[in-house]
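Peer 1: Just so you know, the sequences run in chain order A and B. Note that full-length UniProt numbering has the first sequence beginning at 1, numbered continuously upward. Note that full-length UniProt numbering has the second sequence beginning at 1, numbered continuously upward.
Worth flagging that the hints you see were computed from the coordinates, not collected in a lab. For each residue, glycine too, the CB sits at the ideal point set by N, CA and C. A few of these clues could be false.
Claimed, not checked - Covered by chain A, per the in silico footprint, the following chain B stretches (three or more residues, Cβ under 8 angstroms):
hint, region
1, 139-148
2, 168-177
Unchecked claim - In the BS3-like style, the derived pairs of lysine-lysine whose C-alpha atoms are separated by at most 25 angstroms in a straight line are:
hint, chain 1, residue 1, chain 2, residue 2
3, B, 54, B, 101
4, B, 24, A, 80
5, B, 101, A, 52
6, A, 52, B, 26
7, B, 52, B, 171
8, B, 101, B, 52
9, B, 54, A, 80
10, B, 52, B, 65
11, B, 100, B, 26
12, A, 52, B, 24
13, B, 181, A, 80
14, A, 80, B, 65
15, B, 181, B, 171
16, B, 65, B, 171
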Amino acid sequence: MANNLNSNNPNVEYEYRRRRNAEEMRHQVISFAISIFLTLVAFGAVYAGFDKWFVVPVILLLAVVQVIFQLYYFMHMGNKGHEAPQLFLYGGAIIGFSILLGFLTIVWW
Amino acid sequence: MHVEQPYTPKTWPESPERATLEGKNKFLGFWLFLGGETVLFASLFATYLALKDKVPNPATDVLAKDLFELPLAFLMTMLLLTSSITSVYAIYHMKNYHFKKMQAWLLITVLLGLGFLGLEIYEFYHYTHEYGFGFTTSAFSSAFYTLVGFHGAHVVFGLGWIIALMVRNAKRGLSLYNAPKFYVASIYWHFIDVVWVFIFTVVYLMGMVG
């Protein structure tokens, strides 16, 4: 890493890394708070007893948003060196979604 | 350089989980495995949605809306979600080369995971004994137990994995040999939480809505 920092002083590099880790940790705590909030909204929407055709799309959307937070903050999928994980996970997600659509079309049609 | 050589916080590399060839390979292979897991769980979700409320006698048999209760699903969700952030803390301390703090946060993660597992066992027991809702009761019950049970089995495996790592490395301390192991286990634990987000939405919340 020293090459990217224009410094050969190990203390400077160490301080920089610690601070960056701490900042990343702060982002993760914020995304945890957002996840809790999204969960509360989803459970609240069902508890309040809104119309089915309103609630189902909303809670599915909330789930997708929450999963994106998990993948990008908790599992670091946006960090550098994560091109292969993105390929694998999105590849899996696309295949999985096709299976879902296929099943539902065959069974419900 | 030996992989088990002792480090200090200052000499500890930036991405210890990928500092060795073994670590790089673990990282790559594990994400490929998670891609496969995504397909596996998508198939189970597809099966569940296709067979939801498909019972021999819809007038008298137990349906999703009779079965699920919000408070229990909510409590389980909170436990698993919190265990996700505690394992993030563990990896944060791993990156700062604080072995003791990492172990402490992993222990909290394990306890939360055990709490979740206990509630799930209670839930299945409750359904089988008070509703007569067993694995072979209906197509709906089989699909439900297969999907949620598969997730529960992942929780069991994840707990065993993290406990094994904690015990095995308790006296060893952090090294480039075990850093990738801890990292990969934490990614697995987050993936379990990702699957649960869809389970509580698709199975419990959509089941309550009808």
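Peer 1: Run the structure past the numbered hints and jot down the numbers of the failing ones, going up.
Peer 2: Violated: hints 1, 2, 3, 5, 6, 7, 8, 9, 12, 14 and 16.
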